Amino acid sequence: MNEIGKEIYSFADRIYPIGRSITGEGVRETLRLINEELSASGCPELTINEVPSGTEVFDWTVPREWKIRSGYIENEAHERIVDLAVNPLHIMGYSIPVDRWVDLEELKDYIYVQEDMPDAIPYVTSYYRERFGFCMSADQRDSLPAGKYHMYIDSELFEGSLTYGELVLKGKSDKEIFFSTYVCHPHMANNESSGPALSTFLIKYVNSLTDRKYTYRFIFIPETIGSITYLSKNLAHMKSHMFAGYNLSCVGDDNDYSIVESRYARTEADRTLSNILEKSVKYTRYDYLKRGSDERQYNAPGVDLPVVGFSRTLFGEYPEYHTSKDDMSYVSPEGFAGSYDIMTQVIDLHEHNGRYRIKVLCEPQLGKRNLYPTVSKKGSYDAIESLTNFIAYADGTNDLIDISNRIGVPVSELIEIKDKLSAHGLLENAYEQ
Amino acid sequence: MNEIGKEIYSFADRIYPIGRSITGEGVRETLRLINEELSASGCPELTINEVPSGTEVFDWTVPREWKIRSGYIENEAHERIVDLAVNPLHIMGYSIPVDRWVDLEELKDYIYVQEDMPDAIPYVTSYYRERFGFCMSADQRDSLPAGKYHMYIDSELFEGSLTYGELVLKGKSDKEIFFSTYVCHPHMANNESSGPALSTFLIKYVNSLTDRKYTYRFIFIPETIGSITYLSKNLAHMKSHMFAGYNLSCVGDDNDYSIVESRYARTEADRTLSNILEKSVKYTRYDYLKRGSDERQYNAPGVDLPVVGFSRTLFGEYPEYHTSKDDMSYVSPEGFAGSYDIMTQVIDLHEHNGRYRIKVLCEPQLGKRNLYPTVSKKGSYDAIESLTNFIAYADGTNDLIDISNRIGVPVSELIEIKDKLSAHGLLENAYEQ
Amino acid sequence: MNEIGKEIYSFADRIYPIGRSITGEGVRETLRLINEELSASGCPELTINEVPSGTEVFDWTVPREWKIRSGYIENEAHERIVDLAVNPLHIMGYSIPVDRWVDLEELKDYIYVQEDMPDAIPYVTSYYRERFGFCMSADQRDSLPAGKYHMYIDSELFEGSLTYGELVLKGKSDKEIFFSTYVCHPHMANNESSGPALSTFLIKYVNSLTDRKYTYRFIFIPETIGSITYLSKNLAHMKSHMFAGYNLSCVGDDNDYSIVESRYARTEADRTLSNILEKSVKYTRYDYLKRGSDERQYNAPGVDLPVVGFSRTLFGEYPEYHTSKDDMSYVSPEGFAGSYDIMTQVIDLHEHNGRYRIKVLCEPQLGKRNLYPTVSKKGSYDAIESLTNFIAYADGTNDLIDISNRIGVPVSELIEIKDKLSAHGLLENAYEQ
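Protein chains in written order, with the working numbering: chain A, 3 to 435; chain B, 3 to 435; chain C, 3 to 435.
Because the hints were derived from the structure by calculation, they are not lab data. Please read all numbers here as calculations on a predicted model, not as lab measurements. C-beta: ideal position from N, C-alpha, C; glycine also. Take the hints with a grain of salt, since some may be wrong.
[To be verified] With a Cα cut of at most 27 Å, we get these calculated DSS-like pairs of lysine-lysine:
1) C/Lys-292 / A/Lys-370
2) A/Lys-292 / B/Lys-422
3) C/Lys-361 / A/Lys-361
4) C/Lys-292 / B/Lys-292
5) B/Lys-292 / C/Lys-281
6) C/Lys-292 / A/Lys-361
7) A/Lys-8 / A/Lys-69
8) A/Lys-241 / B/Lys-361
[As the list claims (entries may be wrong)] Anything over 10 Å on all C-beta distances counts as not near chain A; from chain C, calculated:
9) Lys-69
10) Leu-233
11) Asn-301
12) Glu-336
13) Ala-425
[What the hints assert, rightly or not] Stretches of chain C that chain B covers, calculated by requiring three or more beta carbons in the stretch to come under 8 Å of a beta carbon on chain B:
14) 182-195
15) 391-403
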């Protein structure tokens with residue numbers, strides 16, 4: 003497990019430095035590295051899709067593509083006090099070009115800082131109104147001497163496209179398990195190099211399940227406009243095929259886990275992830291009112307997909323969020339390993355789940371199958387409590403989640419029991435999902 | 003708001019001194035003053051109905067009408083120690099005539115006091131068995147010297163009628179909002195000059211809503227026999243038209259608010275008043291087991307109307323209840339103003355309620371409509387939280403109450419949001435009630 | 003009540019010493035004594051059924067019958083250190099024959115003790131694998147000197163039968179109330195001479211209800227294999243006729259009461275016994291996960307009968323359980339009397355239950371029927387609160403249990419109210435069960 007954590011961490015570190023935005027070369031480079039990683043493991047690669055600027059996507063329009071070649075502020079001595087090349091966060095996302103000398107006072111109109119964390123550079127964007135801006139630490143801003151400053155951004159907004167990657171791994175059923183993560187945040191670790199890195203390794207895991215029941219759909223998109231774009235092209239298919247979906251974000255730190263519930267907290271994804279978290283780890287259950295990532299689109303009225311959010315510490319709930327402090331020291335191999343463990347448990351549960359029914363009336367005679375102690379004395383019953391309780395509720399109306407919740411036993415243990423009873427011919431699946 | 007409180011208080015003070023009972027001139031005089039008040043405001047007047055004594059009303063019979071001309075006890079010195087003319091409470095309601103000298107001991111058989119509040123005159127009646135009686139403070143009774151006393155009541159029980167007033171204000175829909183209050187309690191303020199006074203001013207408010215959706219029905223009746231009589235004449239219409247109803251009683255003091263739930267606490271009136279109280283003020287939720295006023299009849303098996311009770315301090319829960327201490331100092335303009343505010347909020351909610359549905363798939367782009375901050379940075383989302391949460395649940399299955407309860411925002415704020423989104427063409431009402 | 007407690011205790015004491023097992027003469031002797039007791043009270047007797055060894059009963063097979071003539075361990079001095087004749091618990095149930103001298107070390111391989119209660123003989127069986135064994139106190143075992151010991155058991159496993167008793171007392175309806183208890187535990191008092199003793203006296207009670215509504219079925223069986231056998235012969239009838247069922251075990255001590263809920267805790271038996279316990283006594287509600295007696299079979303998937311368990315202290319929850327300390331001093335006349343009171347209340351509730359509906363609209367006029375105080379003053383309403391609350395919920399959708407739970411009044415009081423209102427012609431039963 004530690005090994006897998008290290009691998010995911012290491013891959014996250016590769017995509018971490020890239021200057022991503024909702025469109026442009028940063029996204030493409032990230033998707034290229036993911037495909038390199040998948041290919042090296044013998045996995046199929048993501049399909050890369052380009053959606054032209056100007057495409058109408060529901061209430062929105064795919065924006066012009068943003069290209070940035072250079073961006074900095076220099077002082078009178080021509081020293082660059084902030085520079086895109088040093089940290090992409092220094093330039094407000096989607097900044098339009100500027101090339102102008104101003105004095106300190108005017109410069110400050112274009113500087114964004116995070117006052118409550120004075121040594122961090124904040125992450126700021128302005129996608130839908132033309133602006134430019136620079137981000138720096140409040141400390142730096144406050145130490146700037148009076149004088150002239152050169153604001154320089156060599157960027158371009160042009161009719162290009164929005165880029166995303168997707169991969170479908172077919173299973174026996176055309177019902178789909180869906181994973182979504184986003185590739186638009188520049189140069190931050192937990193939010194968001196961690197989601198794409200984890201998703202990449204979940205693809206490898208699913209690919210290793212050669213006899214899988216479900217079809218799995220993974221997408222790597224820019225947040226908000228990307229999920230809206232994806233939905234505008236795929237909504238009908240998704241509504242008719244999606245069995246459960248997970249939005250992965252902030253999955254690399256090693257604090258407690260989080261689920262962001264779906265709109266009414268009653269989808270298969272809610273049931274599944276809640277059960278795994280409840281029986282495995284410490285976690286916080288966030289109401290849909292605390293949503294913040296693409297679960298907002300997947301759960302929107304009329305979209306109504308069964309998608310929950312999965313995180314370690316939730317976005318917005320850790321001080322480093324959306325600042326330069328969200329770096330590779332904030333995430334860890336252990337953090338990734340834990341998230342990977344939870345999500346592979348989720349996958350396993352989907353694969354093994356069913357509404358099992360015991361095939362005999364009354365309790366089966368476990369003794370003759372060596373499943374029960376043959377001497378009956380005080381306490382002899384305890385040892386097989388999970389087994390007999392499983393049987394007591396294996397009436398064809400409960401799936402493994404129901405039984406786990408009812409009898410208080412993790413599904414991983416129930417899967418073993420289910421397999422053992424099936425091997426003895428005592429169990430049937432009353433409902434093949 | 004204070005102004006309206008003063009007006010209601012002042013009108014309550016006009017009807018306060020009247021010696022009302024379940025039948026007779028007190029009721030008629032009260033209804034006459036209400037019509038005078040309505041007429042002065044350009045409102046339509048109540049229709050006055052007279053139901054003859056002896057009329058069968060479900061399991062009951064309209065009783066004979068009670069007329070009282072005079073009533074007192076005098077001592078040997080011919081001093082009147084209690085007198086109807088001083089306080090109508092001194093004579094037990096529905097007392098039959100008496101004209102008899104007795105000694106102190108026998109007199110006491112006919113005296114009712116309230117032992118636990120020795121300086122108050124209690125309110126006592128005997129509608130359905132022929133009796134006479136006198137009410138006074140325990141202090142007064144205990145200070146009476148031995149001697150002869152003259153019990154004198156000049157009253158009459160005769161084949162007259164039971165009187166009530168009603169007013170229907172038509173709206174676009176024939177679905178009705180119902181208000182009931184009672185006009186049978188003599189010379190007490192909160193219970194019950196306050197209910198008729200508030201109802202009178204709610205008529206003025208509804209009359210001012212010229213474009214109103216609902217039809218409103220107001221009735222002013224004697225308690226119990228009046229509501230039973232009214233139901234016996236109107237039940238079929240009420241069952242097919244009533245959308246929500248409110249019984250108003252004890253609405254003039256300025257303590258916390260109360261709701262008396264309906265029989266199963268699941269009517270539209272329960273939902274509506276509960277939401278307004280929950281989001282506005284401190285209040286107590288009383289189970290239907292604590293019912294005590296005409297909600298008993300409206301909720302009876304087979305009647306099954308969606309009626310809740312609304313009060314400040316509930317009847318029976320304040321020591322002054324049903325005594326001479328329930329006078330105009332127990333109620334206040336602030337108390338009336340608060341009750342008026344709650345009930346006009348209730349009316350507004352009924353008028354604006356609907357199951358709204360957002361007309362676009364995925365989140366609408368609020369930015370292009372200037373409904374969203376254009377710079378995205380930490381915290382920029384918070385400012386429009388109520389708006390986006392409203393949209394998240396505007397899926398055509400939730401009405402404003404559901405959304406208010408779900409997202410924790412008062413309906414008054416939601417009505418503004420609903421109007422703003424409608425103005426942008428983003429909202430439709432999925433269910434015109 | 004004390005009288006009945008003494009009678010039940012006394013009868014339990016008669017069957018207490020018998021060396022019962024799941025088959026054999028102990029069961030037959032117990033059933034013979036029960037029939038003697040029933041017959042002496044003019045009750046019909048149990049039918050005795052014999053099911054041949056080898057009969058397939060669902061997943062099980064009726065075992066060979068066990069007969070034991072003699073069993074002991076003797077030391078070199080030919081002193082019997084344990085002896086069946088002294089206490090049947092000394093011989094492991096279903097022991098096969100043995101006649102062998104061994105030294106102390108080997109002897110210990112065949113000795114069962116209860117380490118945590120060193121002065122008690124444990125109750126141990128091995129029904130389904132051929133073994134022999136001896137039970138004694140840990141103290142005794144630890145004091146045995148080295149030397150040779152003679153293990154001697156003269157027993158026999160042969161093609162005989164499994165024995166049980168049943169009695170059906172017909173009522174007006176063919177819907178059945180079911181009582182099950184077991185007669186396979188040797189020489190212990192609470193578990194299990196108490197269940198058969200209580201059941202015997204419940205038969206007498208039901209027999210005394212000459213105008214009874216329900217049919218009552220009582221069975222006296224060996225645990226597990228007996229209920230499985232009984233179900234295999236009667237399942238279709240039981241599924242179509244059983245209205246509520248009760249498994250009686252450990253009902254003679256005078257500690258708090260227990261209910262073991264059915265599989266989903268939503269049967270008529272759950273509702274009925276829960277209500278009686280809740281309103282009468284201190285009790286513990288045990289989830290079906292704490293099941294342990296024949297409710298395991300009655301509630302098994304596909305069997306699905308509405309059966310709960312009733313006990314004082316639950317099996318396994320008292321230290322004396324399944325040891326020689328569970329003797330007649332552990333149970334008491336008071337304990338039996340309490341259990342009898344609860345179960346006869348359960349029977350009474352079944353007999354009187356219905357969904358009653360008040361036959362008038364609005365509140366009935368109680369005054370004219372002398373059911374209501376005629377002077378109305380503060381507090382006069384309280385005295386008849388149960389009556390008016392009953393009426394408020396007598397709408398034809400609630401049975402006595404619903405009303406009791408809703409208004410917080412014991413059903414015994416509601417039965418009186420129901421009878422009084424019925425006598426006044428005010429009530430009808432909307433649903434004849």
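Worksheet item: Among all the numbered hints in the text so far, which are the ones the structure does not match?
Response: 3, 4, 7, 10, 11 and 14
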